[in-house]
Amino acid sequence: MCFFVIGIAGCSKSSLPGTTTIVSSALEGQVLTDFSNNLVNPNYQDIQARAFVMNVAIDSLVANTNTANLVAAQTAWKNTRAAWESCEGFLFGPVEDDSYDPDMDDWPVNKVDLDSLLASSNPLTVSDITPLQTTLKGFHAIEYIIFGVGSTRQASQITARDKVYLTSLAQSLYNTTTDLRNSWDPAAGNFTAQVINAGAGGTYFASRQAVFLALVGSMSDICNEVANEKMQTPFAAQDSTLDESSFSHNSINDFTNNITGVQHAYFSEYKGAAGHSLHELVAAKNASLDATIQSQITTAIGSFKTITVSYEQAIYTQKTQVKAVQAAINTLQTTIEEQLVPFIKQNIKD
Amino acid sequence: MKKLKITGVLLACILLLVKCQKSAVFPADQYNDQLSGGDETVFDATSQSFGNMFTGLSTYDEHVHKLGDLVFNQSFVTEPAIIHGGLGPIYNNTACTNCHHNDGIGLPTAGDLQSSLLLRISLPGADEHGGPVPVPGYGLQLQDKAVFGKVPECKVNINYTEQLFYFADGESYELRTPTYTLSNMYLSLAGGYLLSPRLAPPMFGLGLLEEVPESEIVANADPNDANNDGIKGHANYVWDAVTQSRQLGRFGWKANTASVLTQVATAFNQDMGVTSSVLPVESSYGQSQYDGLKDDPELPDSLLNAVKFYAQTLAVPARRNTTDATVKHGEALFIAAKCASCHRQTLTTGVDVTRPYLSNQVIHPYTDMLVHDMGPGLADNRPDFGASGQEWRTSPLWGLGLVTTVNNPGYYLHDGRARTLVEAIMWHGGEAEGSKAYFSNLSSADRAAVIKFLQSL
Chain A
1 MCFFVIGIAG CSKSSLPGTT TIVSSALEGQ VLTDFSNNLV NPNYQDIQAR
51 AFVMNVAIDS LVANTNTANL VAAQTAWKNT RAAWESCEGF LFGPVEDDSY
101 DPDMDDWPVN KVDLDSLLAS SNPLTVSDIT PLQTTLKGFH AIEYIIFGVG
151 STRQASQITA RDKVYLTSLA QSLYNTTTDL RNSWDPAAGN FTAQVINAGA
201 GGTYFASRQA VFLALVGSMS DICNEVANEK MQTPFAAQDS TLDESSFSHN
251 SINDFTNNIT GVQHAYFSEY KGAAGHSLHE LVAAKNASLD ATIQSQITTA
301 IGSFKTITVS YEQAIYTQKT QVKAVQAAIN TLQTTIEEQL VPFIKQNIKD
Chain B
1 MKKLKITGVL LACILLLVKC QKSAVFPADQ YNDQLSGGDE TVFDATSQSF
51 GNMFTGLSTY DEHVHKLGDL VFNQSFVTEP AIIHGGLGPI YNNTACTNCH
101 HNDGIGLPTA GDLQSSLLLR ISLPGADEHG GPVPVPGYGL QLQDKAVFGK
151 VPECKVNINY TEQLFYFADG ESYELRTPTY TLSNMYLSLA GGYLLSPRLA
201 PPMFGLGLLE EVPESEIVAN ADPNDANNDG IKGHANYVWD AVTQSRQLGR
251 FGWKANTASV LTQVATAFNQ DMGVTSSVLP VESSYGQSQY DGLKDDPELP
301 DSLLNAVKFY AQTLAVPARR NTTDATVKHG EALFIAAKCA SCHRQTLTTG
351 VDVTRPYLSN QVIHPYTDML VHDMGPGLAD NRPDFGASGQ EWRTSPLWGL
401 GLVTTVNNPG YYLHDGRART LVEAIMWHGG EAEGSKAYFS NLSSADRAAV
451 IKFLQSL
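Residue numbers (our numbering), protein chains in the order written: chain A, 1 to 350; chain B, 1 to 457.
FYI, nobody ran anything at the bench for these hints, they're computed from the structure. Hints are all accurate, no fakes.
One-sided and incomplete, this derived list gives chain B residues near chain A with beta-carbon spacing under 8 Å:
1) Thr-46
2) Ser-47
3) Thr-78
4) Ala-81
5) Ile-82
6) Asp-112
7) Leu-113
8) Gln-114
Just so you know, even glycine gets a beta-carbon here, dropped at the ideal spot from N, CA and C.
If we strip away everything but chain A, and leave its shape as in the complex, we get (with noise of 0.2 Å):
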């Protein structure tokens, strides 16, 4: 038993000084809600809404192909990624499990195989294009038909094959949306229960506790891949055609979505419509940990706002102004990775 002790005693790499106290059941429960409530079914549903009007936006652009249709595309284009993108703050559930990010948002687009398949025959309906690769459907192949390399596109350069593949693209997308919107809703897929039941009934969580680590996991995780991949990869290699959104020149957007996705998850919040949240159950703990968290969101997010120029450019001529925000963005995902999930092994644990 000694030896035990002893053993726990030294090898444990987690455990936590302090209190030993749990927050709230009842908080735990109504953030658990109103994550899913107030955040996930609408971020969802609107992806889906903005997904419908990009897909009527297409259609148009189809039917009268000139430049105010192509810019309403465009635009339509880029308000259903920033609904997108704001999601990724909180990847996980059915999103991953079930391929939705992939099916969608898959990168780099296979410009050789696209090319190709353009300058083909093949028939390109809904059908057709569900078996093709992910690297040439999505967010990503609809922008480079629509905005062009250098985003550079011309209404008169869209070529009636073009035309066929984007109707298909866009329907696409939008079927997707929809599978994604209705994972989660209650009155389909009702992932939310799974959430909401999570320990007590619900078959995917063990535990409250799971939930609340894959939340901020994912949290962690978007942190990283934007600091250290989306924006390091490009300016590591000097070379904007890296950039994950480099035909419609839309990164710092990208960017700046994916990390008010990790506000929106902090706070339970979608367009201003806040509820418990994960803020309110560290703050009840640890006030100085929710005010580290809360000012480094701030500042991450505000950060972008030094870059004066689209990505493509700032990789070369705003180094430290790129720089600096990598920083921020690693700042604030460390504190969520060496006190954030710390704070949630220690203090939820049922």
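Once you have looked at the hints, place chain B on chain A.
Showing chain B alone in chain A's frame:
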């Protein structure tokens, strides 16, 4: 007083040493049996439970692991590409994660985006290293997809025949037997070839299994059944193309792969068509789909190494409900049925001072890493080095109870034919015939206890 202090310090030092040498000092059964992966066990029972990084890695190692994670999830595209090129010309899938979904197993389908089943092919006989003989024009693996403008080698068709069986107590169960047929061959294929289906296996714990000393694995072999228990496991020694030497096979359903590096490089090369410095020849070389590009190796060494390291440093999920009375009862039945004779509960990794996170760990993988005759029902009848057409490597059972969470609904065995753990058990034959019969003759409650035990892994 001073003497007491010195004694105290000495005692503390001894205890500290004892703690760090636990496998040498304590019998395994005195350890917390939740810790399936020793110190590298993670308490996570969610759909992401197969994808956790080891603890205790250095900052640099963490960076390499995370880079490997990114590449593992990265889709590859056709050359020439700005980044992540090298896909194809023929392939089975475009990203590691598409088959090893959530770092777990996959779907036993072929030809879809999320399909995780592939077919190995060969001619009868053995090559100069004792391995399978490649089929001219096809090699050793069928690639059923191709980049635009190239022709896949074939289409794989899977059909199942269902059959109803009964336990001794009258309760029924169903087994489905798969048959694989090929169509749309890009090149005529004479008969007489051998096929073997392989489902993508889980990714975690591979570094620990790689670190188990060869001597410990071989010591458990009993090829001539000297102890007369009907179980004759033996090591599969294979030709390792990376080191160009004969090695103990550790990975793959027939233990035909010596190391994680070889496994990873082979998957890039054969499954995705991505060449690397250790396997620089395109899978389509010599075939009509060959791209003729002078771009090999397509995968930078840094990324190959990162994915290898990622696969070596995925933590093992902890067991759940280990103190549950039914689970305990099921475990006793598992041992009584001699399941543990092959699905060995405990192995110990070797000492590796350069990689302390892998070193000297008492692990509970439930495998002996040997190959066994599993009977004609499961046979692929395609020898793979020392593993005959009826022999398969004992599959590790750690994480088994999480498969339905990580890869809902979950499939089992080398080709995913089993849809439940009961089906998986009832497919056992050959050396496991006795164990299967033991299970089959149990009461319904006892069978449920065995299943509950397996679900705790």
